Amino acid sequence: MSITGGFFHLGASHHTAPLALREKLALTPEKTAALGARIGALSGLREWAVLSTCNRVEFYGVAESSAAIDCLRAEFCALLECPSAELNAAIRQTSGLDALRHLLGVASGLDSQMLGETEIFGQVKEAYAQAQHRGTTGPVLNRIFQKTFQTAKLVRTHTAITEGQVSVANVAVDLALKIFGELRAARVLLLGAGEIGEKTARAFQSRGAEALTVASRRLERAMELAQALAASALPFEHAPGRLAEFDIVVCATAAPGVVLAPEAVAATMRRRPARPLFFIDLALPRDVDPAVAGLPNVFLYNLDDLAKIAEENRTARAAEVARAQALVAERAGALWRRMEPLCGGAPAGGTRWTEAARHPAG
Amino acid sequence: MLSVLTDRQWLWIAAGFYLAGFVLGTRAVLRERRHPRVAMYGVIAAGYALQTLGLWLRGQATHGCPLGNTFEIFQFTAWSATTLFLVVGATFRLSLLGYFTSTLMAALTLVSLAIPSWDATRRANIFGGNPWLELHAALALFAYGVFALLALTSLMYLFRNYSLRSKHLGGWFSFLPSIIDLDHICLRLLITGVGLLTASLAVGSVWWLRAPPGSVHAVLATVAVWLAYAVALGSRLRGRLIAQRFAWICVALFAAALISLETVDHDRRPAPANQAVSLQP
Chain A
1 MSITGGFFHL
11 GASHHTAPLA
21 LREKLALTPE
31 KTAALGARIG
41 ALSGLREWAV
51 LSTCNRVEFY
61 GVAESSAAID
71 CLRAEFCALL
81 ECPSAELNAA
91 IRQTSGLDAL
101 RHLLGVASGL
111 DSQMLGETEI
121 FGQVKEAYAQ
131 AQHRGTTGPV
141 LNRIFQKTFQ
151 TAKLVRTHTA
161 ITEGQVSVAN
171 VAVDLALKIF
181 GELRAARVLL
191 LGAGEIGEKT
201 ARAFQSRGAE
211 ALTVASRRLE
221 RAMELAQALA
231 ASALPFEHAP
241 GRLAEFDIVV
251 CATAAPGVVL
261 APEAVAATMR
271 RRPARPLFFI
281 DLALPRDVDP
291 AVAGLPNVFL
301 YNLDDLAKIA
311 EENRTARAAE
321 VARAQALVAE
331 RAGALWRRME
341 PLCGGAPAGG
351 TRWTEAARHP
361 AG
Chain B
1 MLSVLTDRQW
11 LWIAAGFYLA
21 GFVLGTRAVL
31 RERRHPRVAM
41 YGVIAAGYAL
51 QTLGLWLRGQ
61 ATHGCPLGNT
71 FEIFQFTAWS
81 ATTLFLVVGA
91 TFRLSLLGYF
101 TSTLMAALTL
111 VSLAIPSWDA
121 TRRANIFGGN
131 PWLELHAALA
141 LFAYGVFALL
151 ALTSLMYLFR
161 NYSLRSKHLG
171 GWFSFLPSII
181 DLDHICLRLL
191 ITGVGLLTAS
201 LAVGSVWWLR
211 APPGSVHAVL
221 ATVAVWLAYA
231 VALGSRLRGR
241 LIAQRFAWIC
251 VALFAAALIS
261 LETVDHDRRP
271 APANQAVSLQ
281 P
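Chains as they are written, first to last, in the working numbering: chain A, 1 to 362; chain B, 1 to 281.
Keep in mind the hints are simulated off the structure, nothing from the lab. The reader is advised that the hints may include incorrect statements.
Mimicking DMTMM-like on lysine to aspartate or glutamate, the simulated pairs with C-alpha atoms at most 20 Å apart in a straight line are [as the list claims (entries may be wrong)]: (1) A:199 with A:224; (2) A:153 with A:182; (3) B:167 with A:174; (4) B:167 with A:289; (5) A:147 with A:289; (6) A:199 with A:210; (7) A:24 with A:81; (8) B:167 with A:304; (9) A:147 with A:330; (10) A:308 with A:117; (11) A:147 with A:126; (12) B:167 with A:210; (13) A:199 with A:311; (14) B:167 with A:330; (15) A:199 with A:304; (16) A:308 with A:210; (17) B:167 with A:305; (18) B:167 with B:262; (19) B:167 with A:312; (20) A:308 with A:224; (21) A:153 with A:210.
Since we're looking at a predicted model, the values are computed, not measured.
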């Protein structure tokens, strides 16, 4: 069925566009403002909002005719100076109930690269807030976005789609929460200044950790990273002797052998027996001797342990997809029955795929 | 209205509510879902209200604190632990504590109700009209209630510790509170329990100085329990007793304290015929 107008969705996501193309499509605030100026002059586009994340650029709107949507697409191509053939190959366009179901699925994390992630919910909220600020929302989008947020919350609370972390860094943070309850008072030591260590440190900071120290065999690199993380730096050789000052130790060095032996950790625990010490060993070969795990009040997780938990969580989330999709479909259907008369002329369930849209959203 | 049912019947219904809390929590655990906290709190509160009623009726009939036999002691201990859970449990913000509390309360109350011999006779006027002695006993049993809750939080600590060490983090383990939260609460409960038992012994000792107790075993048992908990507290504060060993000891000490209650009550059994009151229908 062809699209004639009404409520629509138009855009590209990680399902249809490779990273290189998504980089071209990404809308900075300046580009969004420029696009707003161009679109504002379009006749027939009653309402619109744009969602731009690292994995998708999608327009949601209400158009009087398909011509208005085509104009929007053309303006988008022109703004980005992207060949329309390349863009057309990646763009997916739906309308009516399909578009609504898509938006609800996106906000619920069902369409995300990392299934069930919740960051997208905030991004959809932000997209809506910006559209409101621009004055490009109206009765249809206002209602639809409000219901979208309700549905996303419903999916989150009634299914396990968002439960459990699926990245190694976030799994490590979750484990720390199971030990320390909250991270504000926890002191984190990062051994090694590589990428994975930095990601993990940032994950800890994003969940409330305030006291972060970086130690690296190259002190200047440690200081550089410490500055980037608003943390403090420590000479690497001082770290084993000062372990007692920390609660969480993220080990991610490129050292060829064990950096922390059981004797050193046992000596540390004698100085702070009542408070647990959590080692996250992300290094290969491992930085922490496995025998450390046998010490009282010491918890040790290595890369394999974390990856296994992440995989289990991914599997558990995948098992919830059908339930979540059913919930989204039910809510979308109920909402569409009320919204259809307001949309004016949108054919229910109309969808058009561009020729090369290879991977429909799951 | 209240006399429609006997005290034991009210206590049976109260035990039924605690059991309902256990069933509610078990159902949620088996489904790997978080149990409804408000519903759990409501069920326990209902059980507590009915248990209070049952014990009040028993107290009215016996003209004093109902601590005259093993049945009453178990009921009073369960009641004390539930009081503490309802008053301060919510501030602990521990998921699953309600489930664990309802489970222990169901076990204590149902076992005491299911063994008729525990409530066949009771010593009448066991405190000889001495309110200080009554206060001593009530404080001691309230301390035992605190230790019951301490045993529960220690058990939760052991489960959390096991889940982190064995790397089994899914299912109902995911609802357990953090190691640090549990450890802090265990310590606070231990301090409270030792404080209450110390106060109880202090009150009792004033009376014992005036009139040496007839039941030396009861005093020794209570002092032994107090000493064991006090040593555990001292060791914990000095960092000598930590982590799972501390939790195991708190669980073991509560089991020992329950057994000691039997000793305390046993000492009172050879009562003169004119003081023993049959409660069997």
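Status of each hint after checking the structure:
1. Note on residue 199 of chain A and residue 224 of chain A: the hinted pairing holds, with a Cα-Cα distance of about 15 Å set against a maximum of 20 Å.
2. Of the supplied pair hints, the one linking residue 153 of chain A and residue 182 of chain A is violated, its CA atoms being roughly 24 Å apart against a limit of 20 Å.
3. Between residue 167 of chain B and residue 174 of chain A, the direct Cα distance comes to roughly 13 Å. Compliance with the 20 Å bound is thereby established for this hinted pair.
4. A distance of roughly 17 Å separates the Cα atoms of residue 167 of chain B and residue 289 of chain A; the hinted pair therefore holds under the 20 Å criterion.
5. With a CA separation close to 52 Å, the supplied pair residue 147 of chain A and residue 289 of chain A exceeds the 20 Å bound.
6. The suggested pairing of residue 199 of chain A with residue 210 of chain A holds, with an alpha-carbon distance near 15 Å, which does not exceed 20 Å.
7. Of the supplied pair hints, the one linking residue 24 of chain A and residue 81 of chain A holds, its CA atoms being roughly 9 Å apart against a limit of 20 Å.
8. The straight-line distance between the Cα atoms of residue 167 of chain B and residue 304 of chain A is roughly 11 Å, inside the 20 Å bound, and the hint therefore holds.
9. The suggested pairing of residue 147 of chain A with residue 330 of chain A holds, with an alpha-carbon distance near 12 Å, which does not exceed 20 Å.
10. A distance of roughly 18 Å separates the Cα atoms of residue 308 of chain A and residue 117 of chain A; the hinted pair therefore holds under the 20 Å criterion.
11. A distance of roughly 15 Å separates the Cα atoms of residue 147 of chain A and residue 126 of chain A; the hinted pair therefore holds under the 20 Å criterion.
12. For the given pair, residue 167 of chain B sits about 27 Å from residue 210 of chain A by alpha-carbon distance, which is inconsistent with the 20 Å threshold.
13. For the suggested pair residue 199 of chain A and residue 311 of chain A, the alpha carbons sit about 18 Å apart, so the restraint of at most 20 Å is met.
14. Of the supplied pair hints, the one linking residue 167 of chain B and residue 330 of chain A is violated, its CA atoms being roughly 37 Å apart against a limit of 20 Å.
15. For the hint pairing residue 199 of chain A with residue 304 of chain A, the CA-to-CA distance comes to about 17 Å; that is within 20 Å, so the pair holds.
16. In summary, the hint linking residue 308 of chain A to residue 210 of chain A is not supported, as the alpha carbons are separated by about 28 Å, beyond the 20 Å threshold.
17. Simply put, residue 167 of chain B and residue 305 of chain A have alpha-carbon atoms about 8 Å apart, close enough for the 20 Å limit, and the pair holds.
18. In summary, the hint linking residue 167 of chain B to residue 262 of chain B is not supported, as the alpha carbons are separated by about 40 Å, beyond the 20 Å threshold.
19. The hinted pair formed by residue 167 of chain B and residue 312 of chain A meets the criterion: a straight-line CA distance of about 12 Å does not exceed 20 Å.
20. For the given pair, residue 308 of chain A sits about 32 Å from residue 224 of chain A by alpha-carbon distance, which is inconsistent with the 20 Å threshold.
21. Only pairs whose Cα atoms come within 20 Å are accepted, and residue 153 of chain A paired with residue 210 of chain A is rejected, the gap being roughly 29 Å.
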